[in-house]
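2 protein chains.
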Amino acid sequence: MAVAETFDLRKYCRETAQRAREASAELASLSGGTKIKFLRRAAELLRANHESLAEANAKDIAAAPGYGLTDAAIDRLRLTPKVVESMAVGLEEVAALPEPIGEVIESTIRPNGLAINKTRVPLGVVFFIYESRPNVTADAAAICVKSGNAVILRGGKEAIHSNLAIVELIAQAADESGLPEHAVQLVSTTDREAVGEFLRMPEYIDLAIPRGGEGLIRRVAEEARMPVIKHFTGNCHVYVDAAADLDIAERVVVNSKCQRLGTCNTAESLLVHRDVAAEFMPRIAKALGAHSIELRCDTRTRSLVPAAKAATEEDWGREYLAPIISIKIVDTLEEAIRHINRYGSKHTDAIITGNLTAARRFTTAVDSSAVMVNASTRFNDGFEFGLGAEIGISTDKFHARGPCGIKELTSYKYVVYGDGQVRG
Amino acid sequence: MAVAETFDLRKYCRETAQRAREASAELASLSGGTKIKFLRRAAELLRANHESLAEANAKDIAAAPGYGLTDAAIDRLRLTPKVVESMAVGLEEVAALPEPIGEVIESTIRPNGLAINKTRVPLGVVFFIYESRPNVTADAAAICVKSGNAVILRGGKEAIHSNLAIVELIAQAADESGLPEHAVQLVSTTDREAVGEFLRMPEYIDLAIPRGGEGLIRRVAEEARMPVIKHFTGNCHVYVDAAADLDIAERVVVNSKCQRLGTCNTAESLLVHRDVAAEFMPRIAKALGAHSIELRCDTRTRSLVPAAKAATEEDWGREYLAPIISIKIVDTLEEAIRHINRYGSKHTDAIITGNLTAARRFTTAVDSSAVMVNASTRFNDGFEFGLGAEIGISTDKFHARGPCGIKELTSYKYVVYGDGQVRG
Numbered sequence: 002m003a004v005a006e007t008f009d010l011r012k013y014c015r016e017t018a019q020r021a022r023e024a025s026a027e028l029a030s031l032s033g034g035t036k037i038k039f040l041r042r043a044a045e046l047l048r049a050n051h052e053s054l055a056e057a058n059a060k061d062i063a064a065a066p067g068y069g070l071t072d073a074a075i076d077r078l079r080l081t082p083k084v085v086e087s088m089a090v091g092l093e094e095v096a097a098l099p100e101p102i103g104e105v106i107e108s109t110i111r112p113n114g115l116a117i118n119k120t121r122v123p124l125g126v127v128f129f130i131y132e133s134r135p136n137v138t139a140d141a142a143a144i145c146v147k148s149g150n151a152v153i154l155r156g157g158k159e160a161i162h163s164n165l166a167i168v169e170l171i172a173q174a175a176d177e178s179g180l181p182e183h184a185v186q187l188v189s190t191t192d193r194e195a196v197g198e199f200l201r202m203p204e205y206i207d208l209a210i211p212r213g214g215e216g217l218i219r220r221v222a223e224e225a226r227m228p229v230i231k232h233f234t235g236n237c238h239v240y241v242d243a244a245a246d247l248d249i250a251e252r253v254v255v256n257s258k259c260q261r262l263g264t265c266n267t268a269e270s271l272l273v274h275r276d277v278a279a280e281f282m283p284r285i286a287k288a289l290g291a292h293s294i295e296l297r298c299d300t301r302t303r304s305l306v307p308a309a310k311a312a313t314e315e316d317w318g319r320e321y322l323a324p325i326i327s328i329k330i331v332d333t334l335e336e337a338i339r340h341i342n343r344y345g346s347k348h349t350d351a352i353i354t355g356n357l358t359a360a361r362r363f364t365t366a367v368d369s370s371a372v373m374v375n376a377s378t379r380f381n382d383g384f385e386f387g388l389g390a391e392i393g394i395s396t397d398k399f400h401a402r403g404p405c406g407i408k409e410l411t412s413y414k415y416v417v418y419g420d421g422q423v424r425g
Numbered sequence: 002m003a004v005a006e007t008f009d010l011r012k013y014c015r016e017t018a019q020r021a022r023e024a025s026a027e028l029a030s031l032s033g034g035t036k037i038k039f040l041r042r043a044a045e046l047l048r049a050n051h052e053s054l055a056e057a058n059a060k061d062i063a064a065a066p067g068y069g070l071t072d073a074a075i076d077r078l079r080l081t082p083k084v085v086e087s088m089a090v091g092l093e094e095v096a097a098l099p100e101p102i103g104e105v106i107e108s109t110i111r112p113n114g115l116a117i118n119k120t121r122v123p124l125g126v127v128f129f130i131y132e133s134r135p136n137v138t139a140d141a142a143a144i145c146v147k148s149g150n151a152v153i154l155r156g157g158k159e160a161i162h163s164n165l166a167i168v169e170l171i172a173q174a175a176d177e178s179g180l181p182e183h184a185v186q187l188v189s190t191t192d193r194e195a196v197g198e199f200l201r202m203p204e205y206i207d208l209a210i211p212r213g214g215e216g217l218i219r220r221v222a223e224e225a226r227m228p229v230i231k232h233f234t235g236n237c238h239v240y241v242d243a244a245a246d247l248d249i250a251e252r253v254v255v256n257s258k259c260q261r262l263g264t265c266n267t268a269e270s271l272l273v274h275r276d277v278a279a280e281f282m283p284r285i286a287k288a289l290g291a292h293s294i295e296l297r298c299d300t301r302t303r304s305l306v307p308a309a310k311a312a313t314e315e316d317w318g319r320e321y322l323a324p325i326i327s328i329k330i331v332d333t334l335e336e337a338i339r340h341i342n343r344y345g346s347k348h349t350d351a352i353i354t355g356n357l358t359a360a361r362r363f364t365t366a367v368d369s370s371a372v373m374v375n376a377s378t379r380f381n382d383g384f385e386f387g388l389g390a391e392i393g394i395s396t397d398k399f400h401a402r403g404p405c406g407i408k409e410l411t412s413y414k415y416v417v418y419g420d421g422q423v424r425g
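Chains as they are written, first to last, in my numbering: chain A, 2 to 425; chain B, 2 to 425.
The set of hints was computed from the structure by calculation and includes no laboratory data. You may find that some hints are simply not true.
A pair holds if it fits inside one copy or across any two, identical chains being indistinguishable in the list.
[Claimed, not checked] In the DSBU-like style, the derived pairs of lysine-lysine whose C-alpha atoms are separated by at most 30 angstroms in a straight line are:
#, residue 1, residue 2
1, Lys38, Lys408
2, Lys119, Lys231
3, Lys231, Lys408
4, Lys119, Lys408
5, Lys83, Lys119
6, Lys60, Lys310
7, Lys158, Lys310
8, Lys231, Lys158
9, Lys60, Lys83
10, Lys83, Lys12
11, Lys38, Lys83
12, Lys12, Lys310
13, Lys408, Lys310
14, Lys60, Lys158
15, Lys310, Lys119
16, Lys12, Lys287
17, Lys408, Lys60
No experiment lies behind these values; they were computed from the predicted model shown.
Chain A with its partners taken away, still in its complex shape (with noise of 0.2 angstroms):
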């Protein structure tokens, strides 16, 4: 009867919830120890079941193409055992990083000698829901556990199998390490209505985050109750300034179009001032040319490279995710920075220049998660910048942005120590 099944889904969603808030209250205050203990024990794990996990991970692969999944998907969908090697050692990595909670952020001692101590706190209950990738399974439970948070995993049907296993040798080590046994859960149905019910609950959950296509962010941000940590990807430019160096130009557009075509980070879309097109215009679209890109430009780049294909209003908002760039003159390093606002996604843009007036001018106009001064658009993510783990790029503005690492999954007390001050 549909009627008891919604009834029983929604009383499995709360009690997994109502679990996941109780456990954290105990990990707020758990020691850094028991929790390095716990990431190097699941690591462990991990390598030592790895033939298991492959038996899991069979299933999800025979199941794949009944999904509609391309064979590029479902390579994604593979734990190899190098994929399991990698997964174990991202565990490993997250326990060595310094511990996040209970450290003091800022402190001022106030005339009244009042000692006000900024203090890091976990955020408390994170609901994860993320596509097809299992091994995004184990990154997720690391760090929020590391951050002090207790987890709520909600994973692709795709690899459920896969998941299930991860998540049974995670509780494992949780068990023998002092872990609440409650701190990683994984939603074990596949309805896709269990996501509106742990949405329907900020009583439980604080900080859901939506890791997958649009549509999937858009559904969360729409039906969520408490705050969320959005990661769309990007239309990310690279502007060659008229006081940039050809040679760093041409490094730099190449490897943030052509390292990686379908990540949040990758450029979709280059600007050259007018006073270097002519020399730089013919150079760049031979080496775009040499990694297949196609290019789509306006009038004036088409007048210096003829075989470019013209680009339409529509490209310059375009996030390609694929072997395309759009390219366009413009007059002014203004003129850059005002086509990037209005047609960016604020994820990530670079300039390339030597004039410091212009670097410092667009670091600060520039409205975006991450500006670059001749480096690559490919390094706004969480190891890269030196956070030790990520768990996505927040294009937010609000409590995180860029990157998210484990500092990101964390707020603060203020803890006031005193010696019976009042106010008067």
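Got chain A sorted already, so can you dock chain B onto it with the hints?
What follows is chain B alone, placed relative to chain A:
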């Protein structure tokens, strides 16, 4: 015609929000000096025009009984020369705070030579909804502008004439100092629907801050399509530990409860360890009695203070904002922590103890925005914490917790300097 009116309201709100968005883009790269000039000039204009402000205020005072305002509420509405002077001083104090925008919050040099500068930036546009006190208008404008944000102010209908007069002077100061014309806007209609309109424009407004009664805050949190910083009132506790200095305990309890009855950081409940109850209860009952505070006590406390009223289960969760306090004897520190985390509101809680272990345990386990050791709950305040200004006290954990000053209205971007680095 109702339809035409609705259409106009929507248009008015949309245009106001668009203008704020445009102003915010300019504000983000405005020099600190211009903001200081604006704030000082606004202070001068307020002082010079205190008579015309009093005239505008007189219209609100005359209308106040018609809105059913109590005498106390009418008093809070008054723009006396003293209140105007304190508004002017507030503006000058905000002017004197260090410039927050552009501050490098953290800096990392990566092995490849990239310099990663986490740099403070404004949030963008703040929508601030507040109740009757008109002096909040100048405070909020100052804090938002200093932090580089445009602000849309929505004051109560009871203060509309006062607010319009204040904002007119602020606009004059903006004009004279080179601040964008629409950096500070007041919603000139008192139509209740205007709030809903603004809350549906996340494309223009980055943050909503409701300050007022619980009903207002819940409505805004429910309707807003952008992040909200909520400021609920507090059910604050003082716990007197077994190892408390009872002189300090008496002083802190009396101050926490009696210094001001109606504020969110006023203590509403007292917990006393059984080992010191026999000595402390009669003493504190007398001290609170001298301030005409009604005591609502558990059975054990009543055996020590027979004249006290009996507390009901409901009392433990109450925020009286009145001369009443609930009192309970606990057997252990852990019982006090459990009680506070169950019945409290995560606002401000204090422990009185000379025992370091107890202090460390209490401050770790109590999940509140501020946890005081041997100090009054009344210190949870932006000025008392040294933030220099305050737009409210957040009871959220996400983005900002506790007192919200200038930095709490900012975000950050990563500004990355390299010399041609690409990703391998």
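Results of checking the hints against the structure:
| no. | hint | in the structure |
| --- | --- | --- |
| 1 | Lys38 to Lys408 | within (20 angstroms within a copy, 36 angstroms between copies) |
| 2 | Lys119 to Lys231 | both (26 angstroms within a copy, 19 angstroms between copies) |
| 3 | Lys231 to Lys408 | both (16 angstroms within a copy, 22 angstroms between copies) |
| 4 | Lys119 to Lys408 | both (14 angstroms within a copy, 13 angstroms between copies) |
| 5 | Lys83 to Lys119 | neither (42 angstroms within a copy, 34 angstroms between copies) |
| 6 | Lys60 to Lys310 | neither (45 angstroms within a copy, 66 angstroms between copies) |
| 7 | Lys158 to Lys310 | neither (40 angstroms within a copy, 58 angstroms between copies) |
| 8 | Lys231 to Lys158 | within (21 angstroms within a copy, 36 angstroms between copies) |
| 9 | Lys60 to Lys83 | within (19 angstroms within a copy, 76 angstroms between copies) |
| 10 | Lys83 to Lys12 | neither (39 angstroms within a copy, 58 angstroms between copies) |
| 11 | Lys38 to Lys83 | within (23 angstroms within a copy, 61 angstroms between copies) |
| 12 | Lys12 to Lys310 | neither (56 angstroms within a copy, 41 angstroms between copies) |
| 13 | Lys408 to Lys310 | neither (45 angstroms within a copy, 47 angstroms between copies) |
| 14 | Lys60 to Lys158 | within (12 angstroms within a copy, 64 angstroms between copies) |
| 15 | Lys310 to Lys119 | neither (56 angstroms within a copy, 39 angstroms between copies) |
| 16 | Lys12 to Lys287 | neither (60 angstroms within a copy, 50 angstroms between copies) |
| 17 | Lys408 to Lys60 | neither (36 angstroms within a copy, 51 angstroms between copies) |
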